[in-house]
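K.L.:
Listed below are the residues making up each chain.
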Amino acid sequence: MRLLGGTDYLVLRRSDGLLTHTVHVYQSFPDALAAWTAGTRISPIFPLDGAELPLMTDDSVCWMLFAGPIHPEKVDQTAPTLKFLTLGLFNLLLVSRDPEEAERARQHVGMLGICWEEWHVVGNRVEERRYSDRISAAEPIPKSVRQPFKGAADVFNEALREYSVMMATSVGRAAMFCPSLVPDLVRFDTIFRSAYADERGNAVVKQGMLVQVNAALSRLSSQTFSGTSPIIETECHFWTHSLLGIGTASLALVTIRRHLERVLVESRLIDLVLALKHVDPAQKQLTELAATDDFWRPVHLAEALPHLEELMPEQRDAEIPLVTFFSGRDGFHSTHWSLSGPLELITSCNTTAWTMLTLTHEFSHSIIERILGQLLPAPNNEKELARITNVLKTGKADNLLDQARGFLCFAMWSITATLEETKLTPSTLKNAIISQYGELDEIMTHLIDFTFFYQGKEEAYIRSIWVSWGVIPNIERRVTEYVIRSLCVLYLADYRRKNGAASALERLSHILKNAHASFPAALYIPEALRQLDKEQEFFLTEIRKRLPYVKFAATFLQSPDVVAAFDRETPAAGGDKRKHSAELHFDTNRVADPIAFLKTFSDETAANAAKSLWMIQQLAFAEEV
Amino acid sequence: MGTVDQLLDALELSHAIGSRRSGHYDHDSKRSTGPAPEPIAVVAAAFDEAPYVVFRRTEDSETGEYLFHAIRD
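The listed protein sequences correspond, in order, to chains A and B.
The first sequence begins at 1 in my numbering and counts up by one.
The second sequence begins at 1 in my numbering and counts up by one.
These are calculated hints, taken from the structure and not from any lab test.
For glycine and all other residues, C-beta sits at the position ideal for the given N, C-alpha and C.
It is possible that some hints are incorrect.
[Stated by the list, open to error] Some chain A residues flagged as far from chain B (calculated, every beta-carbon gap over 10 Å): (1) Leu55; (2) Ala195; (3) Gly208; (4) Glu266; (5) Glu303; (6) Pro379; (7) Ala417; (8) Tyr524.
[Said to hold, decoys possible] Derived CB-CB ranges, DEER-like: (9) B:Arg56 to A:Pro306: 34 to 42 Å; (10) B:Ile71 to A:Val299: 29 to 37 Å; (11) A:Asn589 to B:Arg57: 52 to 60 Å.
Start from the sequences, fold in the hints, and give me the full structure.
P.N.:
Here is the structure:
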């Protein structure tokens with residue numbers, strides 16, 4: 001079975017003074033737009049095996065069966081029904097031309113154990129709608145989700161109420177239409193309630209949490225469950241998909257998020273960093289150890305490995321089912337509770353510019369920010385700032401974690417130290433942490449994204465980030481900052497060598513020239529090349545100032561075992577990570593490793609809606625056997 | 001130390017720093033992260049009695065790396 005036949009547009013329109021609905025099919029978007037009314041809804045549909053919708057004349061009849069979510073390969077390929085794919089949670093549209101065929105189609109999807117909704121269409125009018133029994137047989141919403149919040153301050157009750165009903169609705173609708181989402185939502189609810197009830201944290205921080213989570217959950221819920229039964233009542237506010245929603249695309253994001261969380265937890269990275277507290281500190285002051293010293297090698301996390309066994313299960317890092325959604329405003333973004341991608345992914349994820357691989361950068365932010373939360377003293381924690389200053393003064397740390405903590409603080413401070421002799425005090429340390437945190441977060445994020453998700457492949461990584469930046473408006477003034485970040489990434493390979501910085505500079509120019517040749521439309525690369533050519537001394541100085549960040553990441557944020565865990569030859573879910581269906585085809589192959597799949601298929605320059613849909617369907621049902 | 005504790009620590013840190021990362025496709029370029037301005041000098045009475053350390057910066061003659069040596073009393 002394969003996608004063949006381009007894109008059609010299915011339109012539902014209110015008519016007869018809102019009393020009835022009519023269905024229309026257009027072969028081009030401009031034609032659909034020309035006939036637009038206030039009550040029009042639209043979604044693209046994609047023919048399988050060249051299916052063509054029958055002409056809808058006054059006396060024609062047909063049965064439209066919306067069903068899903070299901071991998072297209074599971075659909076009976078011998079049935080005579082016309083088959084189309086959609087981006088909704090009802091990702092399958094079967095069109096029958098006689099009642100017997102319609103009955104067989106209903107029975108077939110019923111046996112597949114998925115929900116369906118059928119429209120009997122006479123001429124253009126939707127005369128009758130039917131629904132699968134399964135919809136009303138869903139499990140009730142778990143009681144834990146329907147409990148009031150503990151520790152709620154009155155002033156925030158409205159936001160808490162919004163969260164509570166939104167989560168309950170999301171769980172309830174997931175139980176009906178997509179049961180595999182229920183455990184993730186319930187687990188998120190448990191973690192979020194626990195964080196909210198924690199005695200730490202002031203009310204404003206908690207309000208911030210609520211605002212972020214409500215915004216994310218609202219979008220997840222509306223995007224995923226719009227276009228589910230009854231379809232005529234569940235309009236999607238992503239308007240080019242207002243009829244059937246983008247539930248399948250939402251599931252694709254969920255697959256990627258689950259994979260990223262799984263490999264992070266399996267790597268034990270966060271646990272290993274924290275277990276450095278059981279490892280003896282180095283005998284020398286780290287600030288005095290040159291990059292050529294043997295200490296700066298990725299061997300220390302292995303020393304922490306034996307101590308992981310001492311962690312109780314509740315102390316171990318666990319998966320957090322971040323709320324995933326699409327956003328035109330946020331685009332690629334992550335918070336401690338959510339992970340988003342731009343709307344453009346839906347029609348353009350086959351391109352390097354709009355690849356879903358960029359989600360690994362956002363996910364890396366959430367890893368780094370959790371680690372930094374354990375390493376850096378809050379700027380208002382005067383006691384800890386003074387203690388770390390003392391560690392740096394005396395060179396005496398209790399353990400390697402404390403030593404690493406001191407070195408990272410020193411690294412942030414050293415960027416601000418411009419004189420040959422500079423005094424480090426708790427106050428200057430505080431200022432450095434405040435002023436340098438944003439850049440530290442970005443550079444560390446790049447360093448682990450590059451190491452874990454791109455396996456240190458310089459050309460692929462640099463091309464990917466610069467081409468993806470190249471479609472963002474209004475960031476011309478960030479080019480210098482992006483060049484510095486890129487140089488830090490390349491410095492990772494040879495920071496211990498003489499002329500390593502100059503080599504990084506040379507390689508970046510070379511890679512960007514190649515990227516410009518392949519992607520001439522990508523903005524900012526020409527400006528980056530111009531700066532690299534004209535400002536070599538400036539960049540050499542900047543990269544040398546940031547060498548402590550590179551040393552830190554190379555030493556404390558990786559080990560051969562951790563890197564291997566992020567790039568398992570055999571995925572946790574089984575299967576062969578390199579075996580995929582042929583492009584636009586659906587067969588028994590499933591995506592075993594979403595990252596490997598994206599690297600294989602999102603490498604084009606021109607957007608292709610059909611290929612993007614194919615990728616989304618393959619990702620959405622990657623875990624379905 | 002569990003996952004919830006880690007999240008709360010990260011939230012508290014970003015709140016105390018005043019850091020709010022913008023989205024990849026966020027049009028508000030004023031909230032760009034990047035090379036931060038030089039730190040603003042603060043009067044920190046609370047630190048009057050605090051420890052301090054003077055670092056001397058040198059350049060490695062072979063690699064050009066900046067090395068910092070604490071000057072001890």
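K.L.:
Each hint needs a verdict: does it hold in this structure or not?
P.N.:
Hints versus structure:
Chain B leaves Leu55 (chain A) outside its interface by the beta-carbon criterion, the shortest separation being 41 Å against a cut-off of 10 Å. Consistency note on Ala195 (chain A): stated as away from chain B, yet its beta-carbon is not over 10 Å from all of that chain's, at 5 Å minimum. At roughly 7 Å, the least C-beta separation between Gly208 (chain A) and chain B is not larger than 10 Å, which violates its mark as non-interface. Annotated as non-interface, Glu266 (chain A) keeps its C-beta farther than 10 Å from every C-beta of chain B; the closest such distance is 15 Å.
Every beta carbon of chain B lies more than 10 Å from that of Glu303 (chain A), the smallest distance being close to 19 Å; the non-interface claim holds. Separation of Pro379 (chain A) from chain B is inadequate, the least Cβ-Cβ distance of about 5 Å not exceeding the 10 Å criterion. Under the 10 Å C-beta cut-off, the non-interface status given to Ala417 (chain A) relative to chain B is violated; the minimum distance is some 7 Å. With a least beta-carbon separation of about 13 Å from chain B, Tyr524 (chain A) lies farther than 10 Å from that chain, consistent with its non-interface assignment.
Between Arg56 (chain B) and Pro306 (chain A) the Cβ separation comes to about 38 Å, which falls inside the hinted range of 34 to 42 Å. With their beta carbons about 30 Å apart, Ile71 (chain B) and Val299 (chain A) fall inside the hinted range of 29 to 37 Å. A beta carbon spacing of about 57 Å between Asn589 (chain A) and Arg57 (chain B) agrees with the range 52 to 60 Å that was offered as a hint.
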